[in-house]
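Undergrad: Listed below, chain by chain, are the residues.
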Amino acid sequence: MNDLKQVNKSKKRVDAKAKVTGKAKFGADLKFANMLYGKVVRTKYPYAKIKNVDISKAEAYPGVEVVMTAKDIPNNTFGVIIQNQRVLAEDEAIYIGDGIVMLAAESKEAAEEAAKLVEIEYEELKGIHDPLESRKPDAQLVMEGTDSNQVVHHPLRKGDVETGFAEADLILEREYSTHYIEHAYLEPEAVTVVPNERQTLVSVYGSVQNPYATRDAVARVLEADLSQVRIIQDNMGGSFGGKDENISSMAARAAVMALETDRPVQMVNSREESIIESYKRHPYNLKYKVGATKEGKLTAMEIEAVADSGAYACQTPFVTWRSVVQATGPYEVPNVKTDTYGFYTNNPYTGAMRGYGSPPTCFAQESLMDELAEELGMKPDQLREKNMYRQGSHTASNQKLDNHTVSLQEVLDKAKESINYDKKYEEYSKEQTGEKKRGIGLAISYRGVSLGAEAIDTTGGIVAVQKDGSIILYCGLAENGQGLRTVFSQVVGEELGVNLDRITYMEADTSVAPESGSTVASRSTFMGGNALKKAAKNVKETMIEFAKEEYGVEGEIIFKDNALYTDSGKKIEDFSKVASDAFHSGVFLSSYGWYKAPKISWDEETGQGRPYFTYVYGCQIAEVEVDTGTGQVKVLNMAAAHDVGKAINPANVRGQIYGGVVMAVGHALMEDLGFSDGFINHTNFDEYLIPTAKDIPDIDAIIVENPDPAGPYGAKSIGEPTVELGGAAINNAIALATGERHYDLPLNLERVLIGRDLSREG
Amino acid sequence: MEIKFTINGEERTEQIKPNQRLLDLIRKDLGLLSAKEGCGKGECGACTVIMNGEPVTSCLVLAAQADGAEILTVEGLAEGDKLHPLQEAFIEAGAVQCGFCIPGCIMTAYCLLKTNSLPTRQEIRTALAGNICRCTGYQKIVDAVQLAADKMAAGGEG
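Going down the list, the protein sequences come from chains F and C.
For the first sequence, this note's numbering begins at 2 and goes up steadily by one.
For the second sequence, this note's numbering begins at 3 and goes up steadily by one.
Note that these hints are calculated values from the structure, not bench results.
Just so it is clear, the structure is predicted and the values come from calculations on it, not from any experiment.
We treat Cβ as the ideally placed atom computed from N, Cα and C, and that holds for glycine.
Treat the hints loosely; a few may be bogus.
Claimed, not checked - Negatives, chain F to chain C, calculated, CB over 10 Å:
(1) Ser11
(2) Arg14
(3) Glu60
(4) Arg136
(5) Ala185
(6) Arg272
(7) Glu296
(8) Leu377
(9) Arg391
(10) Gly393
(11) Glu555
(12) Asn653
(13) Val662
(14) Phe676
(15) Asp699
(16) Pro710
Claimed, not checked - Each computed DSS-like pair below joins lysine-lysine, with the alpha-carbon atoms no more than 25 Å apart:
(17) F:Lys24 / F:Lys45
(18) F:Lys597 / F:Lys538
(19) C:Lys43 / F:Lys695
(20) C:Lys153 / F:Lys10
(21) C:Lys30 / F:Lys109
(22) F:Lys13 / C:Lys153
(23) C:Lys43 / F:Lys13
(24) F:Lys24 / C:Lys153
(25) F:Lys26 / F:Lys117
(26) F:Lys387 / F:Lys288
(27) F:Lys117 / F:Lys295
(28) F:Lys13 / F:Lys32
(29) C:Lys43 / F:Lys117
(30) C:Lys19 / F:Lys109
(31) F:Lys117 / C:Lys153
(32) F:Lys109 / F:Lys24
(33) C:Lys19 / F:Lys18
(34) C:Lys19 / F:Lys32
(35) C:Lys84 / F:Lys26
(36) C:Lys19 / C:Lys43
Please build the complete structure, drawing on both the sequences and the hints.
TA: In structure tokens:
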């Protein structure tokens with residue numbers, strides 16, 4: 002492991018050149034002969050009966066090829082977990098993004114004009130827009146065919162909380178809320194469906210995060226075999242969990258119209274369409290009750306987390322499941338009672354977003370820990386050190402953490418040192434004069450790697466050595482911008498001793514690569530890395546066997562620097578020569594690699610078991626300046642220490658940390674959909690503000706490496722842990738600066754200044 | 003209507019519609035796809051190109067305004083196989099993730115370095131405030147612009 006050549010190196014991204022020269026093609030850049038342009042007409046109201054739809058004028062508009070409604074769709078429902086999302090609404094619209102009519106025309110302009118001519122008669126109904134209302138037993142039902150609005154309930158029971166609270170010297174009860182977050186990927190959704198292309202019924206090209214999930218949806222809607230639906234995903238302009246169900250819906254619509262017209266159909270959302278229709282991060286209402294002894298030992302925690310699922314189930318069952326596992330944070334608590342719920346409402350539906358179910362619970366629980374420390378007269382880091390997981394600790398699910406390094410102390414120490422926490426904490430704890438006050442706040446977390454008990458966790462890949470020694474890689478995991486092509490190329494390059502310029506990671510193609518699960522849950526490096534490493538090892542073994550016979554070498558053979566060497570360092574042949582000789586001797590130099598994640602377990606009734614096979618640990622510390630005259634919060638510094646197991650590409654890991662931290666700053670301080678009664682009022686970047694280069698400082702990204710025995714070269718996760726800590730760290734820093742605690746996000750001007758948000762009730 | 007302009011050093015004459023956007027002219031009529039549409043409102047900067055030496059969001063510029071103009075897109079930066087120092091720096095600094103915003107960022111940075119050959123990090127951040135990036139947290143984009151400035155100062159380019 003000491004003489005790694007490709008792995009653990011900040012290699013240049015293999016796709017960077019295409020992206021800086023403008024040659025990289027994204028979804029909306031694709032063109033096909035004879036292509037039509039699709040458009041969707043969406044509801045005017047969040048909840049309404051659709052009384053009549055008149056498409057005659059739209060059909061008559063010059064250039065329009067097809068106008069369709071729900072009636073024309075072979076099977077109108079799909080979904081990854083529960084199949085209740087509709088491709089188009091038929092009798093009623095149940096959220097503001099529901100599409101009702103779709104059409105395709107010779108030009109984008111003609112499609113847009115025709116869409117305006119669709120006449121829909123509505124009866125507006127009073128919807129239900131608060132999950133705390135929709136959970137009530139007598140609430141009106143959002144989803145047909147259900148007997149309650151509850152999507153899911155995950156209980157967790159450990160010990161006995163009554164006993165635990167009786168042992169406590171101090172009990173705190175607090176309520177928190179978090180808000181909708183828009184993914185705000187820079188590339189709006191774009192899909193092109195080509196009918197009857199090559200051997201398949203439809204080929205789907207475009208910004209698809211999860212090719213197999215989209216294939217499932219399109220095949221289901223078309224009532225076609227999976228083998229007849231081909232999803233090809235190449236470059237994607239960001240996703241962050243956000244290009245799954247909404248893209249499946251778009252692809253299904255385009256597919257139905259493409260088959261109807263027998264012409265390719267391209268659909269590209271405007272930013273407004275994207276924000277109105279796409280799913281969001283779940284808003285949560287959280288109740289926390291915590292008990293501790295006066296020495297600061299936690300005795301019990303009781304948690305209720307209610308997530309707004311919006312109009313569809315989408316991924317609510319799994320998102321709230323991650324919440325239940327992480328809800329106590331990384332602390333040993335002998336008695337825990339946690340209940341997480343999801344409820345339907347007539348609000349925008351909610352699904353996967355970077356962090357999944359953890360950012361809301363992490364915000365609440367790490368804010369609570371700070372308040373508890375204050376009440377106990379302890380420093381925030383001291384209370385955490387007293388209770389946090391260490392090697393061999395048992396989690397709230399009673400999982401013993403002993404198969405990997407529990408590194409909370411290390412990430413905490415390194416982040417503190419980097420930002421000079423102790424000195425600043427002392428300084429900012431003193432009385433501050435003037436309107437601008439400074440504070441520093443921290444948050445720590447543990448996070449399960451990959452899917453855990455959500456679903457079967459497997460990934461496959463193909464390593465194919467060509468006769469000139471160049472290598473083609475296929476895997477079903479998709480490059481979303483995170484750098485997976487480069488990381489996978491490094492892993493295979495390391496195994497076979499080949500430089501990256503000889504390796505090509507192909508587009509994700511569902512008709513070629515093995516079904517690999519979704520590119521989610523910060524699982525790609527771990528799962529895909531392991532699968533491709535296995536495939537590369539198989540090829541390597543074949544080449545070793547061949548080389549021994551062909552060149553008469555004995556002993557160990559070393560693959561490095563594009564060549565094969567004996568264990569005494571004598572060069573045998575160039576890698577390309579061996580590949581060529583092997584090919585011409587009839588040797589097969591390709592292999593599949595299949596990786597199944599280590600065993601996990603979960604008891605649905607008690608939340609006890611082994612929910613994830615390994616965990617990562619992180620600490621982020623924010624230093625802020627609050628203008629107490631305006632309520633404006635300026636982030637002066639952020640330190641982020643993350644244990645990634647092993648950084649396959651340290652530059653990429655730092656990029657993930659910078660990006661995740663800045664995203665969390667946006668979530669905490671400025672991002673706001675302007676949501677009211679089912680309507681989204683902020684539909685573009687002039688109102689939905691995300692951080693610009695000017696809004697944030699340089700961040701200190703600290704990579705901590707404790708290799709995981711099961712990870713490829715010891716690697717684990719980085720994408721999502723980076724985004725779950727910032728909210729609480731900033732909230733805690735504001736509290737130290739101003740002496741006032743906040744319980745609701747976002748921490749915008751009004752909230753920080755007067756303690757409530759003027760744009761909404763309460 | 004007919005307009006004449008220069009794009010990436012090439013003189014062009016194009017028939018356009020009065021309400022046509024410069025972004026659509028560049029992407030659809032000329033097939034130069036580096037400029038991206040991220041918001042259609044001049045907020046995200048993904049469609050940034052250089053017109054008469056200034057960075058413009060081409061979704062807010064009418065094609066007609068380009069009559070007589072000199073336009074530069076990312077496709078016009080490299081000389082044959084030789085990348086512009088900014089392009090090299092974006093690769094070396096690891097500033098590229100999804101890449102959707104990158105052509106726009108590079109064009110904005112190109113203009114910055116024309117007027118300020120050795121900008122501070124804060125000056126770079128201010129110049130890039132109109133180019134939204136959701137992936138990188140901007141840090142390595144700032145690194146890349148600094149690196150490009152150093153390269154250009156050392157090589158006397160730009």
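Undergrad: Given the hint that F:Lys24 pairs with C:Lys153, does the C-alpha gap stay at or below 25 Å?
TA: Answer holds: F:Lys24 to C:Lys153 is near 23 Å, not above 25 Å.
Undergrad: Just want to verify: F:Arg391 was marked as not at the interface with chain C; is every Cβ pair farther apart than 10 Å?
TA: Since the minimum Cβ distance to chain C is about 31 Å, F:Arg391 lies beyond 10 Å and the statement holds.
Undergrad: Is the straight-line distance between the alpha-carbon of C:Lys19 and that of F:Lys32 25 Å or less?
TA: holds (22 Å)
Undergrad: With the threshold set at 25 Å, check whether the alpha-carbon distance from C:Lys43 to F:Lys695 stays at or below it.
TA: With a Cα-Cα distance of about 20 Å, the restraint between C:Lys43 and F:Lys695 holds, given a limit of 25 Å.
Undergrad: Regarding the assertion that F:Asn653 does not contact chain C, is the least Cβ-Cβ distance greater than 10 Å?
TA: For F:Asn653, whose nearest Cβ neighbour in chain C is about 7 Å away, the distance does not exceed 10 Å, so it is violated.
Undergrad: Would you assess whether F:Pro710, listed as outside the interface, keeps its beta-carbon beyond 10 Å of every beta-carbon in chain C?
TA: Fine: 29 Å to the nearest Cβ keeps F:Pro710 off the interface.
Undergrad: Against the 25 Å threshold, does the CA-CA distance of C:Lys153 and F:Lys10 hold or violate the hint?
TA: Satisfied, since the Cα-Cα distance of roughly 23 Å is no more than 25 Å.
Undergrad: So is F:Arg136 really clear of chain C, every C-beta pair being over 10 Å apart?
TA: holds (33 Å)
Undergrad: Could you grab the alpha-carbon distance between C:Lys19 and F:Lys109 and see if it respects the 25 Å cut-off?
TA: holds (15 Å)
Undergrad: Check the hint pairing F:Lys597 with F:Lys538 against an upper bound of 25 Å on the C-alpha distance.
TA: holds (16 Å)
Undergrad: Are the Cα atoms of C:Lys19 and F:Lys18 separated by 25 Å or less?
TA: violated (34 Å)
Undergrad: Need the status of pair C:Lys30, F:Lys109: alpha-carbon distance at most 25 Å?
TA: Holds, at about 12 Å.
Of the numbered hints given earlier, the model fails hints 1, 2, 5, 6, 12, 13, 15, 17, 23, 25, 27, 28, 31 and 33; all others are met.
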